[in-house]
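Could you slot chain B onto chain A? The hints should help.
Number of protein chains: 2
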Amino acid sequence: MAEEAAVRAQAETVRRLKQDKADPDEIAKEVAKLLEMKAELGADEGKHKFVLKTPKGTRDFGPKEMAIRERAFRAIISCFKRHGAEVIDTPVFELKETLTGKYGEDSKLIYDLKDQGGELLSLRYDLTVPFARYLAMNKITNIKRYHIAKVYRRDNPAMTRGRYREFYQCDFDIAGQFDPMIPDAECLKIVHEILSDLQLGDFVIKVNDRRILDGMFAVCGVPDSKFRTICSSVDKLDKIPWEEVRSEMVGEKGLSPEAADRIGEYVQLHGGLDLIERLLQDPKLSQNKLAKEGLGDMKLLFEYLTLFGITGKISFDLSLARGLDYYTGVIFEAVLLQQDHEHGEEALSVGSVAGGGRYDGLVGMFDPKGRKVPCVGVSIGIERIFSILEQRLEAAEEKIRTTETQVLVASAQKKLLEERLKLVSELWDAGIKAEILYKKNPKLLNQLQYCEDTGIPLVAIVGEQELKDGMVKLRIVATREEVNVRRESLVEEIRIRTSQC
Amino acid sequence: MAEEAAVRAQAETVRRLKQDKADPDEIAKEVAKLLEMKAELGADEGKHKFVLKTPKGTRDFGPKEMAIRERAFRAIISCFKRHGAEVIDTPVFELKETLTGKYGEDSKLIYDLKDQGGELLSLRYDLTVPFARYLAMNKITNIKRYHIAKVYRRDNPAMTRGRYREFYQCDFDIAGQFDPMIPDAECLKIVHEILSDLQLGDFVIKVNDRRILDGMFAVCGVPDSKFRTICSSVDKLDKIPWEEVRSEMVGEKGLSPEAADRIGEYVQLHGGLDLIERLLQDPKLSQNKLAKEGLGDMKLLFEYLTLFGITGKISFDLSLARGLDYYTGVIFEAVLLQQDHEHGEEALSVGSVAGGGRYDGLVGMFDPKGRKVPCVGVSIGIERIFSILEQRLEAAEEKIRTTETQVLVASAQKKLLEERLKLVSELWDAGIKAEILYKKNPKLLNQLQYCEDTGIPLVAIVGEQELKDGMVKLRIVATREEVNVRRESLVEEIRIRTSQC
Numbered sequence: 001m002a003e004e005a006a007v008r009a010q011a012e013t014v015r016r017l018k019q020d021k022a023d024p025d026e027i028a029k030e031v032a033k034l035l036e037m038k039a040e041l042g043a044d045e046g047k048h049k050f051v052l053k054t055p056k057g058t059r060d061f062g063p064k065e066m067a068i069r070e071r072a073f074r075a076i077i078s079c080f081k082r083h084g085a086e087v088i089d090t091p092v093f094e095l096k097e098t099l100t101g102k103y104g105e106d107s108k109l110i111y112d113l114k115d116q117g118g119e120l121l122s123l124r125y126d127l128t129v130p131f132a133r134y135l136a137m138n139k140i141t142n143i144k145r146y147h148i149a150k151v152y153r154r155d156n157p158a159m160t161r162g163r164y165r166e167f168y169q170c171d172f173d174i175a176g177q178f179d180p181m182i183p184d185a186e187c188l189k190i191v192h193e194i195l196s197d198l199q200l201g202d203f204v205i206k207v208n209d210r211r212i213l214d215g216m217f218a219v220c221g222v223p224d225s226k227f228r229t230i231c232s233s234v235d236k237l238d239k240i241p242w243e244e245v246r247s248e249m250v251g252e253k254g255l256s257p258e259a260a261d262r263i264g265e266y267v268q269l270h271g272g273l274d275l276i277e278r279l280l281q282d283p284k285l286s287q288n289k290l291a292k293e294g295l296g297d298m299k300l301l302f303e304y305l306t307l308f309g310i311t312g313k314i315s316f317d318l319s320l321a322r323g324l325d326y327y328t329g330v331i332f333e334a335v336l337l338q339q340d341h342e343h344g345e346e347a348l349s350v351g352s353v354a355g356g357g358r359y360d361g362l363v364g365m366f367d368p369k370g371r372k373v374p375c376v377g378v379s380i381g382i383e384r385i386f387s388i389l390e391q392r393l394e395a396a397e398e399k400i401r402t403t404e405t406q407v408l409v410a411s412a413q414k415k416l417l418e419e420r421l422k423l424v425s426e427l428w429d430a431g432i433k434a435e436i437l438y439k440k441n442p443k444l445l446n447q448l449q450y451c452e453d454t455g456i457p458l459v460a461i462v463g464e465q466e467l468k469d470g471m472v473k474l475r476i477v478a479t480r481e482e483v484n485v486r487r488e489s490l491v492e493e494i495r496i497r498t499s500q501c
Numbered sequence: 001m002a003e004e005a006a007v008r009a010q011a012e013t014v015r016r017l018k019q020d021k022a023d024p025d026e027i028a029k030e031v032a033k034l035l036e037m038k039a040e041l042g043a044d045e046g047k048h049k050f051v052l053k054t055p056k057g058t059r060d061f062g063p064k065e066m067a068i069r070e071r072a073f074r075a076i077i078s079c080f081k082r083h084g085a086e087v088i089d090t091p092v093f094e095l096k097e098t099l100t101g102k103y104g105e106d107s108k109l110i111y112d113l114k115d116q117g118g119e120l121l122s123l124r125y126d127l128t129v130p131f132a133r134y135l136a137m138n139k140i141t142n143i144k145r146y147h148i149a150k151v152y153r154r155d156n157p158a159m160t161r162g163r164y165r166e167f168y169q170c171d172f173d174i175a176g177q178f179d180p181m182i183p184d185a186e187c188l189k190i191v192h193e194i195l196s197d198l199q200l201g202d203f204v205i206k207v208n209d210r211r212i213l214d215g216m217f218a219v220c221g222v223p224d225s226k227f228r229t230i231c232s233s234v235d236k237l238d239k240i241p242w243e244e245v246r247s248e249m250v251g252e253k254g255l256s257p258e259a260a261d262r263i264g265e266y267v268q269l270h271g272g273l274d275l276i277e278r279l280l281q282d283p284k285l286s287q288n289k290l291a292k293e294g295l296g297d298m299k300l301l302f303e304y305l306t307l308f309g310i311t312g313k314i315s316f317d318l319s320l321a322r323g324l325d326y327y328t329g330v331i332f333e334a335v336l337l338q339q340d341h342e343h344g345e346e347a348l349s350v351g352s353v354a355g356g357g358r359y360d361g362l363v364g365m366f367d368p369k370g371r372k373v374p375c376v377g378v379s380i381g382i383e384r385i386f387s388i389l390e391q392r393l394e395a396a397e398e399k400i401r402t403t404e405t406q407v408l409v410a411s412a413q414k415k416l417l418e419e420r421l422k423l424v425s426e427l428w429d430a431g432i433k434a435e436i437l438y439k440k441n442p443k444l445l446n447q448l449q450y451c452e453d454t455g456i457p458l459v460a461i462v463g464e465q466e467l468k469d470g471m472v473k474l475r476i477v478a479t480r481e482e483v484n485v486r487r488e489s490l491v492e493e494i495r496i497r498t499s500q501c
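Sequence order for the protein chains is A and B. Just so we're aligned: 87 in UniProt numbering is position 87 of the first sequence, and the numbers increase by one with no gaps anywhere. Just so we're aligned: 184 in UniProt numbering is position 184 of the second sequence, and the numbers increase by one with no gaps anywhere.
So here's chain A without its partners, still in its complex pose (with noise of 0.2 Å):
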């Protein structure tokens, strides 16, 4: 059978990678296709062999993994909130056509789902394009908003460096017709805040404009016509050397060699003020009304960085361009350094963490009489963020709670789970948060290990003697030691031993 065949050619595959020691992320890309293929054989075949696992490019969030998300959500949204945002959500999926349209070449790895009848579906790509169409949908022209969220895209996932299909975005976006620069350095602000409170490590957020960028591209001698995917050809800079973006541009993007020279010079600069009064005195650029205004604009952004006291982790970068289609001003993306110690000399860049920008017109292609509302805004790519923190809580060998149970309620006896079930019961009601063993007559030695293995600060042990004094006897898990307490203040006494949790 021919589909046989294939599997066995995809096992050799796979069997040669690992001999070779490749890339791990090709591997499982190779043992994914592999394992599909076989699940197809066996489905065709009748002789059907089911694969237990989640799709390709997504996992599950187990309790541990949980509470390290929440943590980093905690101190994303406490950003948000600080910064005045309102919350909203949108569906997972939208009409097909909302989305069409909006992401360039990327637009291939949007999900449809199956027409089963009615209406033409697609899963999320991004959080901003919802945002639009919900602004256009309910005539918004004013929001500051937050929006945190799944969303999802077919691309090739490389889990191990935390790219997903199915990943979270954090977005806080500003919409509405402001004075300039104002609300894009409060983005900038709230960049700065989150990767400081996470502790992620030292990081440089680039700044660019999608103005300065054309005027660029004009003084360089881009025709208009190839303004897009020249930027895309830049926007590579941050993975590959000017030299394979050059030949890029000029082999497969039929750019003059003389342009792309005059592009290579602007795209190695970045800095600070200086270099924006620099480029403001360009001879060229300073020609160019696109440019001209971009530069204004970015002097300005400066200066209220400068009052936030934070222009010491901010690059004016004239290499960043940002891959999406709807940038119309700012752009900006966040990346963690790291000392390479090995190699000495320049910090390294690890990877984008936050990217934004301004969209001046993308609510607009959602209004039936094209009415603009500005918008700038940044997105958190958190899961990277997980993969940080995650790496870094196991090398610590950090031992995470899961839950945030307060007191086990235990008995040193048999025959005693009535006055276990009525105890624990008062301490819910109490607010108290506890657990008892779903057992008829545990060992009191299972019931203190549960209360090691999990955490659980404080063991209430009711026994027959207690029962009839009233009391309860309240046992310090850490310490191990052990204080009679009047059932009627073991509330207040579970409270004060656990204040501090």
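Fair warning: there could be bad hints in the mix.
If chains are identical, the list can't say which one is meant, so a pair holds when it fits in one copy or spans any two.
Unchecked claim - Here are the simulated lysine-lysine pairs, PhoX-like style, with alpha carbons at most 25 Å apart: (1) 292 - 440; (2) 150 - 440; (3) 372 - 439; (4) 369 - 53; (5) 372 - 440; (6) 414 - 443; (7) 414 - 473; (8) 139 - 253; (9) 299 - 440; (10) 81 - 292; (11) 96 - 150; (12) 468 - 415; (13) 226 - 236.
Think of the hints as simulated: they come from the structure by calculation, not from any bench.
Showing chain B alone in chain A's frame:
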């Protein structure tokens, strides 16, 4: 053109329904159909008309709805945590075959993703099957977890009654081999706590057991092969009267009239411990092994519920069947009661807000060796609860704040943008929730109005004189009182004055 004629016919249908003042859900359904037909027609003709809407059966949550939603979630999560639950999350889609054969007749409501190459995927239909898949995949035999997430059903939406195609479920489940009915009793305690805490009005939790139902069917003379389908008929008793259910059993499902009548006698019974005792003496039921087991456990359950002090809201109800295939033991459903003052007499049931039961076989369906992990759990039907909370807040005309901002940094004179930026940045860095208006020179009146509109309690006003003196004027919005505060004491002053917020 045939399609245009179809659209015109549909438009006529809508017109007629509106004229007849038909059920709003019905009208909404036909309008949606009309819009879809029009959209398709537009697309076909090339003169495309984009429809600005969310997909059928879904909705956006704006800031106000989110504030209500988060209030409800807080109550539910705090209850789940009080009972020592961990939290997990799973992907929004599963391999199609993971969901296959778990939902009986409801399987037709599953959303499939388009085959874009690779795996065949479906959106999750509930959180229970993904949970069972998670347990089997990770070989977990013992966990108490909650999971709050959206699920998807291609059902006929009835949005005014809180029935959507995308909706939240809040699930709490206990997996593991334990002594009988202890975890089952805790699930009921949790439903009782949550419904009491949310103050949704009077409610009753109906309880039954699949084993009692099956035993009852056996002694009534239902052939084994008809158990599931007769069970589906019984499940309709909360919506249609016995006479209709009976004629479905006899007419459509070919049950003998005598068997149906015997069932009719049982399913009218509901009560408490007394009824359990009576049925344990029932000459027919007590001879059936399954029924006897179920009744014995039901008695034990009631003993535990008595210790929890919640039997007042529990009704052992032989008509409760629950639709899903996977239940194996105790089943339950909580319904809100509405006193029907017009017609006096009995409390009227207004719909199910929570349900659940024991499913001891589901995990084994995923385990390659069929190893079983007994489970019991509850799912809170949060959408209906939202609807009730929304209606109540609307009726009470209560104003809900959608942000937590403590202070607006304002200025009384022009040219103080820089000073406002500096001060608001200081406040953010100190953890104060603060905003500014994004205007260079906003009017003081507009700034104060913004606080009134959004409920911000304090205004920190910078003025030239205050700047010279190292002071800030703090205005309390509610009382219009103004106090001068030293700049270095401002953070502390704001904290004290908003500590009750």
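Inset, instruction - If the cutoff is 25 Å on CA atoms, where do residue 81 and residue 292 land: within, between, both or neither? Let me know, please. - result: neither (35 Å within a copy, 56 Å between copies)
Inset, instruction - Could you place residue 226 and residue 236 in one of the four classes (within, between, both, neither) given a Cα distance threshold of 25 Å? - result: Close inside one copy (16 Å), not across copies (64 Å); limit 25 Å.
Inset, instruction - Could you figure out if residue 299 and residue 440 sit no more than 25 Å apart (CA to CA) within one copy, between two copies, both or neither? - result: Result: close only across copies, 16 Å inter versus 72 Å intra.
Inset, instruction - Up to 25 Å between alpha-carbons, please classify residue 369 paired with residue 53: within, between, both or neither. - result: Classified as between: cross-chain Cα gap 16 Å, same-chain 47 Å, threshold 25 Å.
Inset, instruction - Please work out whether the CA atoms of residue 292 and residue 440 approach to 25 Å or closer within one copy, between two copies, in both situations, or in neither? - result: Intra 78 Å, inter 21 Å, cutoff 25 Å: inter-copy only.
Inset, instruction - Classify it for me, residue 372 with residue 440: is the Cα-Cα distance of at most 25 Å met within a copy, between copies, both or neither? - result: between (67 Å within a copy, 21 Å between copies)
Inset, instruction - State whether the alpha carbon distance between residue 96 and residue 150 is at most 25 Å within one copy, between copies, both, or neither. - result: The answer is both: 17 Å in one copy and 20 Å across copies each meet 25 Å.
Inset, instruction - State whether the alpha carbon distance between residue 414 and residue 473 is at most 25 Å within one copy, between copies, both, or neither. - result: within (16 Å within a copy, 67 Å between copies)
Inset, instruction - Using 25 Å as the alpha carbon limit, work out where residue 139 and residue 253 are close: within a copy, between copies, both or neither. - result: neither (40 Å within a copy, 53 Å between copies)
Legend entry - Copy assignment of residue 150 with residue 440, given that the CA separation must stay at most 25 Å: Answer is neither: 43 Å inside a copy and 36 Å across each miss the 25 Å cutoff.
Inset, instruction - Measure nothing new, just compare the shortest in-copy and cross-copy C-alpha distances for residue 414 and residue 443 to 25 Å and report within, between, both or neither. - result: Only inside one copy: residue 414 and residue 443 sit 8 Å apart there, 74 Å across copies, limit 25 Å.
Legend entry - Intra- versus inter-copy proximity for residue 415 and residue 468 (alpha-carbon distance at most 25 Å): For residue 468 and residue 415, only the intra-copy Cα distance (15 Å) is at most 25 Å; the inter-copy one is 76 Å.
Hint check: violations occur at hints 2, 8 and 10; the rest are consistent with the structure.
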